Structure formats: structure tokens, C-alpha cells
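S.K.: The residues making up each chain are set out below.
Number of protein chains: 2
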Amino acid sequence: MPPRPLAAGFEIGEDPGVAIVPPSKRPHLVIVGAGFGGLYAARALRRAEVRVTVIDRSNHHLFQPLLYQVATAVLNTGDIAAPIRAVLRSGNVAVILSEARSIDLERKRVICSHGEVAFDLLIVATGASHSYFGHDEWAGDAPGLKTLEDALRIRRRVLLAYELAEREADLPARRDWLTFVIVGGGPTGVELAGALAEIARHALARDFRNIDPTEARVILLEGQDRLLTAWPPELSDHARRSLERLGVQVRTGAMVTAVDGRGVGIGEERISARTVLWAAGVEASPLAKSLGAPLDRAGRVKVTPELTVPGREDVFVVGDLASLEIEGHPVPGLAGAAIQEGRHAARNVLRSARGQPLLPFRYRDRGAFAVIGRGAAVGVAFRRFRIHGFLAWVAWLLIHLLFLIGFRNRLSVLINWAYSFLTLRRHARLITGLPFGGEPRGPS
Amino acid sequence: MPPRPLAAGFEIGEDPGVAIVPPSKRPHLVIVGAGFGGLYAARALRRAEVRVTVIDRSNHHLFQPLLYQVATAVLNTGDIAAPIRAVLRSGNVAVILSEARSIDLERKRVICSHGEVAFDLLIVATGASHSYFGHDEWAGDAPGLKTLEDALRIRRRVLLAYELAEREADLPARRDWLTFVIVGGGPTGVELAGALAEIARHALARDFRNIDPTEARVILLEGQDRLLTAWPPELSDHARRSLERLGVQVRTGAMVTAVDGRGVGIGEERISARTVLWAAGVEASPLAKSLGAPLDRAGRVKVTPELTVPGREDVFVVGDLASLEIEGHPVPGLAGAAIQEGRHAARNVLRSARGQPLLPFRYRDRGAFAVIGRGAAVGVAFRRFRIHGFLAWVAWLLIHLLFLIGFRNRLSVLINWAYSFLTLRRHARLITGLPFGGEPRGPS
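Residue numbers (our numbering), protein chains in the order written: chain A, 164 to 607; chain B, 164 to 607.
Please note that a few of the clues may not be correct.
No distinction is drawn between identical chains; accordingly, a pair holds when it is met within one copy or between any pair of copies.
Once the Cα atoms are required to be at most 25 Å apart in a straight line, the calculated SDA-like pairs of lysine to any residue come out as [stated by the list, open to error]: (1) 452 / 370; (2) 309 / 547; (3) 188 / 330; (4) 309 / 320; (5) 188 / 372.
Simulated from the structure, these hints should not be mistaken for laboratory data. What you are looking at is a predicted structure, and each value in this text was computed from that prediction instead of being measured.
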């Protein structure tokens, strides 16, 4: 790929490899989104000869793989989140708390909720969320899990369901409060189902007088014919058996066709449940649309092998917002992939600023795991090793501790895990944000 | 005081001291509120021959003396709260999540948001909150600190103020974002002011590019002529000097006459500030009114020396909701006093059930402390020893660790304190609950 002229607004020295460029003349890189892709790109560039501005609508980076543990009262919010400012404190990175609404590629500006930010180079990393498959009206009755607020909302609903069941004299109504439906059998759905079953069987078992929490039903619905479709079928079987051992009812081939505050419909059939959680589908951040590039079915930007928007060498897309196939294999929507893409985009940003040809991204598949419960997980490591059970669980723990940002968070997570593992209790069983105290209107 | 006949609905054996009463015949004690007073009463009775039901509108007991540390991002919500059910798991105590709306003394029922609960004996312990002195319309612009939600709201406002200052190009507007006013110079106000000054000077000092957090102004307003009026004047002086050393502007004799989203008025004078926090006044829970007993100016129930509502030996009031003078000294609104009252009411509940005369409450004043900052506190121990500085601070730490409920919370608080003390950082710097991402409308 031939070197291309630099974008207007900055210059660099004769030999870009060694010249010291005065800060004010350095190209301005804007990174939208401080998830794994954006944050690791910024970290890779904090000593480089670019000025970096990170824009995020939240003040914290979130370690999303552990978000379901906040939702299920194992961890505190503070354990899996770190202030973006604190993480990027040293170096040449500015952080702006604002929501990017759209991108004007022609004028090279990010249009934010607070105003416009001009860029020379851009990395878009605003990720993806779950998808209600065109039924956004289900969102209120079946919340998904993407932000800390989502996790606290789910925690509130789950804990409140037991409280309201305890108060409820009518037996069928009580049963509905004690029925938990999770839609979507991917990693998040599997992890939520396992954790909810453990809450019922262990954490809450002795805490109530009128109800028996171990009678709670946890039902996991998956539209396709097996759980964890991104993994090999044998691991799907393991996951299913492990969940069933915990008491989860797993139903595959179950397409949800209706959701309301009293349950879900699967075609003609109806499951009564006061708590429905959504863990299905993928829908890219709407920012993708303003990039004027081809999108895939989930709304993700089909990027070039160099991770750029087709036709631009100054605009990169990484993480869950990017859609890329390498040798026929799609790069998966995992934290590890986003980190690698973020770092690669950082490298290409510098090459672009120096007029050097961009390099194609190579994905190193180190593996992926899903936890089912205490001492049980399934996963594939390095594309080849399929592991399950206790070994997979230990591997999962170590990998997640390793990638958590900050010593403080690692220590705190480790303590909370040890506490849950040894006592079977849940430390973070707090309902916050009740609308009117213990109002009997049900969870919101 | 002569023994009185038992309330209808329960009987006890011939010799109430030793007889085993079948559980269904045991008198039913209802405790409203699981703060210090209610929780310690319930704990004292969990093996006694009464059936106990605890009603609270929240699912957690809150360790209020450390709430300001959640608001100022030192501690997580989970560190200072424990699920009431988990604390009262063993024994004969049922817990109901519901809001008590009023009390029908004639029919012996607590009217809750979810229905009615009948009682034979009652302990009311719903506490008190701050008071806007008839200006409840100030609550939105000057939030107080009483619940976990309050603490998260204050944390959000404070952290967001720095974020919005960073984005603000206009210098006077930026200055307003960096001005923090605290109304009320009691322990909560003093502790908040000290903590906010430390955030500005240490925790955030190096994290911004456009603003210098050390330029933030923290202004503490007190209507009377000194801070901490419940303490001896020499400790007020110490507190003031310690705060001023941290950079806090302390203004005594400053009566706030106006509050809005842009600042406060003190008579003719105006202080522009985008963050105003309220820590003044005392207003008892409105439940007091339905007890038909004489109330003091703050709306607290004037209880008998036995902690009962005058004229009743089956209805007790403890903690901040009770107003009691012993030998001319009012029992203070402190956690320690509430705990002692709760335990004493538990004792008298049993005596009432057995038809024995009730005993008057004696308050053991073990002391009270207020923290000003890292290594600085003031306090009085055992009515006689006035201490300040590092020694008082260590005493404060130890006392609070000792009274925190649960080993898990103690460990977590200890780690967070050690972290803050050693690194000067704030672990829990998370903004949650932003209305629309980083919307520039300002905090809500």
C-alpha cells in the first residue's frame, strides 16, 4: 500500500522515525469509546508523538467479562471498573466525558453531546450491545447487561423478586416471582443462568421464612439447537449438563416471540415469570452509520484488513464495532480480540501519521471461556485445547485476574471470589435505587 | 411501675422466666426500621421467646457513620451495607421489605405499603433525616446524605463537576463548577468538607489537562458561631484549623437563605457554586406523628425513661426517632446511643411480655468523633478525654472497624482505607446513573 499524504492540520519532521515533533504540531488522534479496544489503543500511544483525546460517555472503563458477577451480587461495581482518567493519567492523553452522537468525516469532527471535537486521525471503538431483534419495546421488561447501571438494575430485580415472593400469600403469584427466564444461550446467558441457580440454591437458601429459595426456577432459552454456538458442540453439551446439574432448565430451539411484565411467549406456549433477562443478539453502536461504510447484518462496520474504514487511512474501527473476517474466520466479539485490534490500530495510526503503509491485522486466538458455576467452566484455549470443569474454571479465574486493570481491583476481586467460593454467600446483595422503598408495584 | 396485662393474642406460661412457650403462642414483636436501634434490638431477641418481624423499606442495614466515605469515593456501597436478612439469618426473626406508612395503635397494626402487619409489641426505629428548615424545594439543588442512593448521587455530582469543568472553556463558569458548598457544620458537614478538600488536593490533582483540581474551592457554611456545636469549643477550634489547613473556607454565623442550581444566598450575599451539599438540621421520620405522642421541635417522639410511648408499655421508640433527656442531658443522635437504646428496648420488650415492670434506660457516653482528613480527627471519649489529631483519628478508625457488621465488610473497608491512606487515591471514583451519558446539562 503506497504512503499517503498526511491529513491537513499537522506536519511531521523529515525522518518521522526519530524527529522530535513539538507537541502543538503533533497530529491529533481522537479515540471514541474507552472499552477494551479504545483503552488499549490509548495506552499504546500515551508516549507516542500524537496528541490523544479519548471521548467516552462514561467516566470509567468497564471490565465487561465480569459484569454478570456484579449483576449476581458477587462483585461490587468498583471491583470491575476503573476511572478512565486514572488509567490514562500519565502521558499525552486527554479524556473528555461526553457522548459522541455522529462523525463528520468530511470536516473531520466528532459531534458530541457537548460540542464538536476536531481530529486528524480517528479510532472508533464504541462497541455493540444486545439486540431485541426489532422488538425494542421488550427492553423494559427484559433488561440486558451492558453497563454498570444494567448490572445494578438486574441485581435489583433479582433480589427484589425474592423479597416480593416472601411477602406474597398467593401461591401461583409467588411461583411467578420465583421464576427467572434468561433469553439467549451465549456466554452471558450461560453465566447468568448458572449464577442465578447458585444464588437460589446457596446464597439465599436459609434467609427466608415463607419461601424456599431452592424452589426457584431458572430457565435458559436459546433459539438455536445448542448453547454456546461459537464453541465446539462437545463443549455445548458440557455446558448444558453442568447447568442442568445446578437445576437450570435449558431449552434449545426456543424462539421467544413475546415478552411482557408477566413472562415470555414461545410461539403458542407461555412461560409465566416476573423476571426476564435478555442476553441475545448483537447490535452495533449507532455511531457506525455515520461512517458511511458498508455494515454487516448486526450494523458493524466492515473494516479493511488494516482495520480502517474502506477508502480512508485516517479512520480506524476496532473492537465489537468492527466486522472482519481473516481467512474465512470472523474475528470474535471478545475482549481479547478488541485489545489486539486496539493495539494494532495504534500501530497503524503511527504509520499513517508517518506516511508509512499500514499493516494488516492478525488475530491471535488465545481462547475463550464461559463460567457455569463454582468450579465449573468450559472453554477452548489456543484454538486446539478443549477444556471443561474445574481446570477450565481455574484457567478462567487466572486469565480474568490477569487482565483486570489495576492492582487494587485484582485484590478486591480475588477477595470477593474467595469469599463467595468458601462461604457460598454473596457479598454484594444490596438493592439500591428502589423507587419508593419496598413498594409492592414490582421491580422497575 | 405495676405489671400490666398482656396484649390480646398471646399467652405465656406460669413462670415466664423458664417456661418454654410454643412458637405460635409467643408474642409477636414488630420492629420498624433496621438501622442501629432496630437491628440491635432484633439481634438481642433472636433467641428469645418472642416472634420478631423486622420491617424496613430497604434490604440492607447501613453503617451510616461511614456513608460520607461512599459519597467521597473512598468506599464502595457494599463495604458499609449488609443485607438485613443475612445479618438476622439465624433465630426467630422474619424480615419484610416494605415501607411503613403509619401505625394504628388502637388496632395494633403497622400499615405498610404492601398491607398491614399486626403486632403484640412494637419497636419503632425509623430514625431521622436532615431538615431544610421548611424549604424542601432546596432538596433537588442541595442533596443531603442519608441513604446509599444519596451517597451515590453526591459522588456523581462531585465527580461530574470536575468533568464538566474540564470541558468548560469559559473561566467564570469553570470556577463555578469547581466550587463546592457544604451547608451545616456538624460532624457530617465537617467530614464531607475535609474529604472534598482532599479529593481536590490529592486524588484528582494530576488527572486533568485543562483544569487544576487543586484550585477547587470547598466552602463550609455553619449558621451558629462555631463548628461541631455538640462538642466542647476547643475541639471546634481544632476542627476549624484542621479544615483550613486542608484549604477549606470555613464560615460560621452564615445562615443560608436561598439555594438554587447556581449557588447559595446568605442574606444579601451570594456564593456561585454548581455543587451544594446539605448537612444541616434534623427532621424525624414522619411515622412519629401516627404514634399520637408529644413530639419535640424536630418531630421526635418524647419517650418515657423506659423508652416507651407515654401511656403504653407495648410500644417503644429508639434511636434518632426518640427524644429523651437524662439528668438534663439529651441522649445524642449517635449510632452508639441508638445501639444502647435498641438493646434496652429489647430487654424491656421481654419484661413487658412477662408482665414485669420496665426498667429505665441509662446512657453510657463512650464518646464521639469526627474525622477531618487523613490522620486528623477530633473527639471526646468517655465524657472527659478531649482528643484531636492523629490519635483521635486512629481511635476513630478502630471504633468504626469494630462496629462494622461482618468480617467481610471490615476487611474490605480496611483495605480501602489502607489504599487511600498510602496512595492518596480514591478507589471508588465511578460515576453511575448519568442521565444521558456525559450530557452537558449538568448533574442531576
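S.K.: Hint by hint, note whether the structure agrees.
M.R.: Against the structure, the hints come out as follows:
Taking the shortest Cα distances, residue 452 and residue 370 never come within 25 Å of each other, neither inside one copy (50 Å) nor across copies (33 Å). Neither within a single protomer nor between protomers do residue 309 and residue 547 lie at most 25 Å apart by alpha-carbon distance, with minima of 30 Å and 55 Å respectively. With identical chains, the CA atoms of residue 188 and residue 330 are at most 25 Å apart between copies only, with a shortest distance of 22 Å across copies and 66 Å within one. For the identical chains of this complex, residue 309 and residue 320 are neighbours both inside a copy (16 Å) and across copies (23 Å), given an alpha-carbon limit of 25 Å.
Taking the shortest alpha-carbon separations for residue 188 and residue 372, only the inter-copy value of 17 Å comes in at or below 25 Å, while the best intra-copy value is 69 Å.
Comparing the model with each earlier hint shows violations of hints 1 and 2; every other hint is respected.
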